[in-house]
Amino acid sequence: MKRVLAVDDTITFRIMLANCLRKAGHEVIEAENGKEALNKLLADPPDIVITDLNMPVMNGLEFIEEARKENAGRGLPMLLLTTEVAEHLKKKAREVGATGWLTKPFDPAQILRLVDQLT
Amino acid sequence: MDEMEEFLTVFFQECEERLGELQDNLALMVDGEWDAETLNAAFRAVHSVKGGAGAFGLDALVEFTHVFETVMDALRSDQLQLTPKICQVLLRASDMMSALIEDAQGNGAADKGLADKIRAELDALAKGEDPDAAAANVELAAPAAAEEPAEPKKDEAPAAAPAEAAAEEPEEDMGPPERELEILFEPGPDFVRSGHDPLKFIRALRQFGSVKAVADGDYPPLSDHEPYETQLTWRITLDTAVDLGEIDTFLIMYQLAADIEVSEPPSAEETPATAPTAEAKAPEAPAEADRKEPEAAPAEEAPAAEAASEPSEPTKAKEPSEPAPAEPRAEEPKRAGEGKAAAQQPRVSKALRVELSRIDRLVNMVGEIVITQAVLSQNFSDLDTGVNVEIGHAVEALSRQTRELQESVMAIRAQPVKSVFSRMPRVVRDLCASLNKDARIILSGEHTEVDTTVIEELSEPLTHMLRNSMDHGIETPEKREAAGKPRTGTINLSAEHRGERVRIVIEDDGAGINRERVLSKAVENGIVPPDATLTDEEIDMLIFHPGFSTAEKVTNVSGRGVGMDVVKKKVQALGGRVVVSSVPGKGTKFVITLPLTLAVLDGMTVGVGNERFILPLSSVVEAVKLDESNIDILPGEVRVMRYRGEWLPMICLELALNMETARSAADLVVVVETETDGRVAIIVDELLGQRQVVLKSLEANFRRVDGVSGATILGDGRVALILDIPSLQALSGGGALVQEMMI
Amino acid sequence: MSEQPKPADKDRVEEAVQAGDYRQYVTFLVGDRLYGVEITLVREIKQWSPTTALPNQPHYTRGVLNLRGTIVPVHDLRVRFGGAQTEATENHVVVIASIGEQSVGILVDAVSDILTVAPDDVRPIPSGARELDLESISGLVTSDDQMIALLDLPRLFPNEDMMAA
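Chains as they are written, first to last, in my numbering: chain A, 1 to 119; chain B, 1001 to 1743; chain C, 2001 to 2165.
Heads up, some of the hints might be wrong.
Said to hold, decoys possible - Cut-off 25 Å, straight-line C-alpha distance, at most; resulting in silico cross-link-like pairs (BS3-like, lysine-lysine):
1. A/Lys-90 with B/Lys-1418
2. C/Lys-2046 with A/Lys-90
3. A/Lys-92 with A/Lys-35
4. A/Lys-69 with B/Lys-1200
These aren't lab readings, by the way, just hints derived from the structure by calculation.
Please model the entire structure based on the sequences and the hints provided.
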């Protein structure tokens, strides 16, 4: 069982993601924006983070960038799960230290595999 | 699950090839015309079947091929001398392997008892015992392997190869590899910082097969050790039977933080000399030791103890990067032998087997490029022409190259119709037998190439039409004789390219369509009113009417009412047409025209009301200004237009398609050629240009829609429908009727 | 997205299912009425964008849209249940759902919530329920005193091949 922090402002996606992870026996912490996610990450570090990119308050990239500055976020697998495909965003993702880039809609099996693989 | 099945299919295909190789080489051995390479090739064939079988958990096959392989390995390493008796055992083993493969496909063919017996014989050979002894335990007389398989060196050999792999990758028990993939893995400096771990990466790779990783690069002295910095790169050899696509998918996750390059190196067999083989293998030895190094990086998993061991290792880390004159390691002797013999093997075929799904991906991608290119061209042409000549040339070149690219891609999917045609003689033979008729089929143009999707769909309608010809067309030998024809009927089946389409003709020299009977049957079935006057052609076409069947008694061949309408539907679904023509007493001719591909077509975009439609360019004759004075209205509100001396039925899309959004201001008409009923005029507002469009199916998520053959996506992302002229004409009602009245 | 985790996770999934045997529904609004579709059938949720009409389309069909290269039909749920055509704006939402192998878009006013429902909470439709198309509703759930009709998509949007020849 892993602790997964699932961040998405779209309730559907967040729940679908959480649902798929919980079904597989993982513990899921949910957050609906980067700010909330950062707070939850600092309060109780997860094993892996899966975050949306476009979110209000603090977006996924900012969130990863901030998290990487913290001890709890250093070396932590943090995946972006987004509908974006633009190269400049991927480049930005690389710069802020995102672990990987996944495109929505997601494949639950792949998510589960990655959680195992990266933690 | 589906994926697994897909791989399985690929595996069974490969098995078939391997069996072929095995049998060829065994035949050489039986003939005494073998050399070291023959043995090697046979060994490899068995070996790779075993590898695949292991990956799919086909235990019975694994067990059998394992023993088989052991014997083959003993033979190629001279631990066992090939004798005619042994050849016989091997031949039986090869047959049994084939049966077991069929078994694995659910075709239950293998005789369990026989399998055990042959396995016992192989076991005996492997152990250097007399297979006779083993065979004595079983009822069937075994071939005396008279020569005691001179096996002094005990049967370590076969086990040796797997054992090495096991030594390096204890957890990996996948059975021997299919092929070696080389993966160049260069983590960016922030690889670890961004949540990755080289060790986890390498471990995760093991899901695909056995992994050997060799680190490259300078490891800094411990004093400079920066736990979050990755300085090494890895050269990884992955022995795997897994499809490259799956590995690519796996790698996506790492591509943000690392450069990863996967290559399928020429296998040892293809390497021209022994030396390179040794060279290729050399790096594997240090791999073991080096693999530990990455553990130093991830802080949590690599305590100081391991990090401390680093300084003693750097030499090793570097070793593989030196162009290896490295002497062969432990494993070399045997492998080198294999490599040498292997080097002589002539390459059987340069053909590459690629999953259709991968080509489809490519086709889709090219399709998107075609769209983008079209948008680019169009935007450019909207610009002031003088803007930039250079850009103009580039846009033109791009347009040409895109077309070539697309043609090349489509060519990959093209297949000769032979694969379907060649099945037809058998259909005719079978029908001859069941109908007591005598006929032969003559094929021509079998090498005409058509898109593979079209090929797959062709078999059913062709078979139907042949049945029809045999059942209704070709007469009994007696009747033929009486009619002064040769007793044996002839059916010609031919294919040829006609522009962007392929034309397939089935022509028989039978009795022709019995129009009287067809008509009376049609009246009887209420298909046509009793007082209708139909032309011969119209009567002939009635046989395509749904549910129409004229067989006097229902035969099991074609008289079940699932006749020619099925053919028509199928052909239409492929974007094609079928036409029949017949001469009483002389024969019947079916002509099918199909698009060469289902993926792309040249189209003209037209605007009608708020909608945009695509007309297949091949059918467009001309666009002319609509002139009311040329238009006449016939009874029944049918409008016709005078065009170059003939009257053309006019099609109003709003009415024909029942789409309010397609209300036309009626400025223009596009004259289009139908394949069956001459020309028609379609009322439109404006022409929006010509472009290649990628055909998208409406059926995938919806259903077939009359009047359109599919849809495409325009440059702005909106969907546009592709008009299907003949069905449109039928919808608009009375195209044929109008013509008839005009005549 | 594929619905089921791969076999490797099967055991864990089964455990989870045994532990809590519930279903989740995405609920959405059409007017003041709530409808629900099982979450596993929902592929994504899109903002409304203009569709391309189809010849002779069912009256409740708005046409097709381009969903990353595939063509997906969009049906107006309000019309399907006898209402007037939705004046779709950017604030309207298309729920992309799976019906068997096919994908279909459902035009609704807004997505409301995710509802977790125990099997016992799904009640049959009371006989005599008026304007509901009974056939296409698989059950009713009450949440916060609001009734949510659970949609039976294959029945709601049947896809017979209506072509004759």
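So which of the earlier hints does this model not fit?
1
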